[in-house]
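Enquirer: Next come the chains, spelled out residue by residue.
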Amino acid sequence: MNKQLQPIVQALQKEFDAQVDEFRDEVHLLVASEHIVSACQKLRDEFGFELLSTMTAVDYWPQDDPRFHVIYQLTSLARNLSLSLRVPVAGNSPAIPTLTGVYKNANWRERELWDMFGIHIEGHPDLRRILMPADWEGHPLRKDYPLGYEEPQFTFNFKEIGLGKPHGKE
Amino acid sequence: MGVEQKLGDMGVVTTTLEQAVNWSRTRAMWPMLFGLACCAIEMMAAQAAHYDMSRFGMELMRPSPRQSDLMIVAGRVSRKMAPVLRRLYDQMADPKWVVAMGDCASCGGVFNNYAVVQGVDEIVPVDIYVAGCPPRPEALINGIMALHAKVGSEKVKNWA
Amino acid sequence: MTQLHEVTMDEIKHLVSDRALAGETVLLNMGPQHPSTHGVLRLLLELDGETVVNCIPDVGFLHTGIEKNMESKTYQQAEVMTDRLDYLNTVGNNLAYCLAVEKLVELDVPPRAQALRVILAELQRLASHLVWLGTSALDVAAMSVFLYCFREREVILDIFELVSGQRMMTTFIRPGGTWRDVPVEFEDAVRNVLETFPKRIDEYEALLTKNPLFLDRTLGIGKVSAEEALQWGVTGPSLRASGPDWDLRKTRPYSGYEQYDFDVPTHTEGDVYARYLVRVQEMRESLKIIRQALDKLPLGPIRSNDHKFVPPPRSEIGVSMEALIHHFKLWTEGFSAPKGAIYSAVESPRGELGVYLESDGGPKPYRVHWRTPSFNNLEVLPVLSKGVLVADLVAIIGSVDIVLGDVDR
Chain A
1 MNKQLQPIVQ ALQKEFDAQV DEFRDEVHLL VASEHIVSAC QKLRDEFGFE LLSTMTAVDY
61 WPQDDPRFHV IYQLTSLARN LSLSLRVPVA GNSPAIPTLT GVYKNANWRE RELWDMFGIH
121 IEGHPDLRRI LMPADWEGHP LRKDYPLGYE EPQFTFNFKE IGLGKPHGKE
Chain B
1001 MGVEQKLGDM GVVTTTLEQA VNWSRTRAMW PMLFGLACCA IEMMAAQAAH YDMSRFGMEL
1061 MRPSPRQSDL MIVAGRVSRK MAPVLRRLYD QMADPKWVVA MGDCASCGGV FNNYAVVQGV
1121 DEIVPVDIYV AGCPPRPEAL INGIMALHAK VGSEKVKNWA
Chain C
2001 MTQLHEVTMD EIKHLVSDRA LAGETVLLNM GPQHPSTHGV LRLLLELDGE TVVNCIPDVG
2061 FLHTGIEKNM ESKTYQQAEV MTDRLDYLNT VGNNLAYCLA VEKLVELDVP PRAQALRVIL
2121 AELQRLASHL VWLGTSALDV AAMSVFLYCF REREVILDIF ELVSGQRMMT TFIRPGGTWR
2181 DVPVEFEDAV RNVLETFPKR IDEYEALLTK NPLFLDRTLG IGKVSAEEAL QWGVTGPSLR
2241 ASGPDWDLRK TRPYSGYEQY DFDVPTHTEG DVYARYLVRV QEMRESLKII RQALDKLPLG
2301 PIRSNDHKFV PPPRSEIGVS MEALIHHFKL WTEGFSAPKG AIYSAVESPR GELGVYLESD
2361 GGPKPYRVHW RTPSFNNLEV LPVLSKGVLV ADLVAIIGSV DIVLGDVDR
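Protein chains in written order, with the numbering used here: chain A, 1 to 170; chain B, 1001 to 1160; chain C, 2001 to 2409.
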């Protein structure tokens, strides 16, 4: 682990009971969802992580607890450090607190989480779908959501695929 | 024996109405300035200095569907974009043509998934499909030439 | 086909001012089909006369499901998708993805491949900045710049075609190296770019940098401070125009960028003009990098020798049973990556292009997330466009350099 990162990780471990996981020189901290806002606040104000690089989630379906991991990728420009926080959340319709009070760009990323994974963001100022149409059903990046593969049309099945397809009219 | 043989070399050009209309339709076919994705960049390249589509009377890209004759669907059409695309098509004045540029617009391309319409012909009637991912500007120009040939062979009795 | 969704006032009333609810200001829809939105971006504008009171971007019109689709493909197959994310930075996307895969499976890349990657990535940066310069200059009514920029871009695309056979979607960079070695004509073609390009950049600058019309449209428009830019997650040239010299090529060198001597241009004004200056200077720096990389382009293999991950050369397949087995395994099943998650980022022409890659131990990525710079750079648009005129809004959209494929993925 990076020497500069060690005191930061220790502080978070102590204060928020975070678990440390290292892989390929990257540090992942597992934090409970009730601590995530204060952990990010601390990282930003005390340790200089001024940039929330990205925010995403992973679906571990059919596992139920935790079903999702929400991932926060933080960057410190001044000290050239990276840290990834992971928040495990359970169940089919989970919720996490919003981070928009700490990092403003969490706004769209959280909307994306809601849109793609159906993770409800508590306290979000504008929780609408962002990438899919407003009347879309389901959350596409969940593992139980089908990819939506359609049989391609070739010479041998030209007719049957063509018959099943809608065709635009004048 | 037509009138041109009777008149001889008098500098008079004769033609049929059909040919005259078809000729004028192909020589100033204004495409809609409507790029969706990667192919739009190649469409821009086809418009720019090197490939220069204005050789075919197409230097004017009209941002408004009301003023354009040709819709070049350049790129993948997402489910969110599909109704917008249909509305744009409906707003175009007749006669109008559609070129599906690239694999995604023609058949979905590499994106066989929930988000992409598997071929823009599900939404609007397509006249010419141009293959490629993305097609080279030459391929687009070839597609447009093919469209010109198609328009040139239209018959009066089919004009509605 | 779902129906066209009409936005009702109820849905957006928390985003607009009270005056809009009283009917004093006008709500105007700009896009998704609009000549100045650089793609299928939709902006809902609240206007007081010609002044923008609120700007509400609506994205997703180019959502392609790339992240989901990559999960159903092997690591090698999934690379094809990466080209089509940010279609002005195709080589850069390949590079970001390959670096992520190489980090995940711990694969070393030979020096020649690394140098080739750098050359191609910088050429791509030039091409991307050219499209940006041409289109954003077109937005402020400088038509000739567009024609010049696309003329030069053709030269770069010809080089891509020379090495890979494709103008845009090259997929030339592969996990463990590159697809093939470059042909002998490559060096001359790149030298030609190096020779002609500085003059071309002078030409663009002569047209724009001191042009009073251009200055009027760009100076002091769309200002953002460094703190605010960071709060909104802005990276790349748009951030550097506000002050911080954060460039991943310098701060976290990858692919051997540490060997090359180049500057990171910064400005402090944070307006449209500063963003223009930063990008134009970046083009000159890119040329510097290409020149150095080409001068000391090492000889040697262009792919790793680890045939568990990298296909063996064609000549070996005919004579070695082991090579044949490796080839067969790689192209039927793919390679398996160890269980774990990594985040790896490169500096794209637009900013930090990051790949979050998670593996469950199988031959397909379990989750791929793209941290695309345009997404964050677009999110700041409402802040930049508060109180500007509609005409300036167009200049601002051009200056943050968004690619909608990059935003919507």
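Worth flagging that the hints you see were computed from the coordinates, not collected in a lab. Incorrect hints may appear among the rest.
[Unchecked claim] In silico BS3-like links for lysine-lysine, alpha-carbon gap of 27 Å or less: (1) Lys2073/C / Lys165/A; (2) Lys143/A / Lys2339/C; (3) Lys2329/C / Lys2339/C.
[As the list claims (entries may be wrong)] Only some residues are given here: those of chain C computed to face chain A with a beta carbon under 7 Å: (4) His2063; (5) Lys2103; (6) Thr2251; (7) Gly2340; (8) Tyr2343; (9) Asn2376; (10) Asp2408.
[Stated by the list, open to error] Per the computed footprint, the stretches of chain A lying under chain C, defined by three or more beta-carbons under 8 Å from a beta-carbon of chain C, are: (11) 21-34; (12) 123-137.
Idealized CB from N, CA, C, for every residue including glycine.
Enquirer: Determine for every hint whether it applies to the structure shown.
Expert: Structure-based check of each hint:
In summary, the hint linking Lys2073/C to Lys165/A is supported, as the alpha carbons are separated by about 25 Å, within the 27 Å threshold. With a C-alpha separation of about 18 Å, the suggested pair Lys143/A and Lys2339/C falls inside the 27 Å cut-off, and the hint holds. Straight-line distance between C-alpha atoms of Lys2329/C and Lys2339/C comes to about 20 Å, which keeps the hinted pair within the 27 Å bound. A hinted interface residue such as His2063/C counts as satisfied when its beta carbon comes closer than 7 Å to some beta carbon of chain A; here the least separation is about 4 Å, so the hint holds.
This hint holds: Lys2103/C has a C-beta 6 Å from the nearest C-beta of chain A, less than the 7 Å allowed. Interface restraint check for Thr2251/C: the shortest CB-CB distance to chain A comes to about 5 Å, inside 7 Å, so the restraint holds. The beta carbon of Gly2340/C comes within 4 Å of a beta carbon in chain A, closer than 7 Å, and the hint placing it at the interface holds. Against a cut-off of 7 Å between C-beta atoms, the interface hint on Tyr2343/C holds, since the closest Cβ of chain A lies about 6 Å away.
Annotation: interface hint on Asn2376/C holds; nearest CB of chain A at approximately 5 Å, less than 7 Å. Checking Asp2408/C against chain A: minimum C-beta separation of about 6 Å stays under 7 Å; hint holds. Counting residues of the region 21-34 of chain A whose CB falls under 8 Å from any CB of chain C gives 4; the rule of at least 3 is met. For the region 123-137 of chain A, the proposed coverage by chain C is satisfied: 11 residues have a C-beta within less than 8 Å of a C-beta in that chain, meeting the threshold of three.
In this structure, every one of the numbered hints holds.
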